[in-house]
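Work out the full structure: start from the sequences and follow the hints.
For the sequence shown, the working numbering gives the first residue as 276, with consecutive numbering after it.
One thing to keep in mind: the hints can contain errors.
Computed beta-carbon distance windows for the label pairs [said to hold, decoys possible]: (1) 433 <-> 391: 45 to 55 Å; (2) 407 <-> 457: 22 to 32 Å; (3) 443 <-> 379: 48 to 58 Å; (4) 438 <-> 407: 28 to 38 Å; (5) 430 <-> 394: 45 to 55 Å.
Please keep in mind that the hints were generated in silico from the structure rather than gathered at the bench.
Just so you know, even glycine gets a beta-carbon here, dropped at the ideal spot from N, CA and C.
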Amino acid sequence: MSNIGYIRVSTVDQNTARQDESLKLHQLDKIFTDKYSGSTKEWEALNQMMEYVWSRDHIFVQAIDRLARNVSNLRRIVDNLKAKGVSITFISNDLTFTPDSNNPMSELAINMLASFSESERWLIKERQREGIAKAKKRGTCKGRPESIDRDKLKEMIEEGIKPTMIQKDLGLSKASFYRVKSEFM
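Take a look at the structure:
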């Protein structure tokens, strides 16, 4: 039986101290940390933690929104953990889910809190879109500066280097690579 902590912050620059402090009280054997946005679907440390845990382990997370940003993902994760025999506690929400108990009030609370987190994320994105639109009208927002070295990309394509290697070397997503490649072809 192990006590395991899970921490997620939205960017690599963000500090985990607030979550660290909260988790220290639970004498953890291992901590998994992700530094990805809540909108990211695949969180490496979360996946590693899901593989790592065994029956009778207990996971501690600062808050529901640190584990998932929408109801369906949260339900899937919690249900998978319970099915494996793992308990999970959301510290600031004062909610614990164990494999052998189904508390209707806890189930309602987790669904409501996850819905609030999902709604909050939507509102943040909406305000961000509105702010960008207003800044563009004022002429103070020109968008992200172009950072793709098109000459280097074209040179690598002409040399016959595989697309995956070009993407890795230039730090491009698959979509960005093919979008820029289409400009040359």
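Results for each hint:
1. Checking the proposed 45 to 55 Å range against residue 433 and residue 391 shows it holds: the Cβ atoms sit about 52 Å from each other.
2. For the pair residue 407 and residue 457, the beta carbons lie near 26 Å from each other, so the given range of 22 to 32 Å is met.
3. Distance hint check for residue 443 and residue 379: the Cβ-Cβ separation is about 49 Å, which falls inside the suggested range of 48 to 58 Å.
4. Roughly 31 Å separates the CB atoms of residue 438 and residue 407, a value that falls within the hinted 28 to 38 Å.
5. Distance hint check: the CB atoms of residue 430 and residue 394 are about 47 Å apart, consistent with the given range 45 to 55 Å.
In summary, this structure violates none of the numbered hints.
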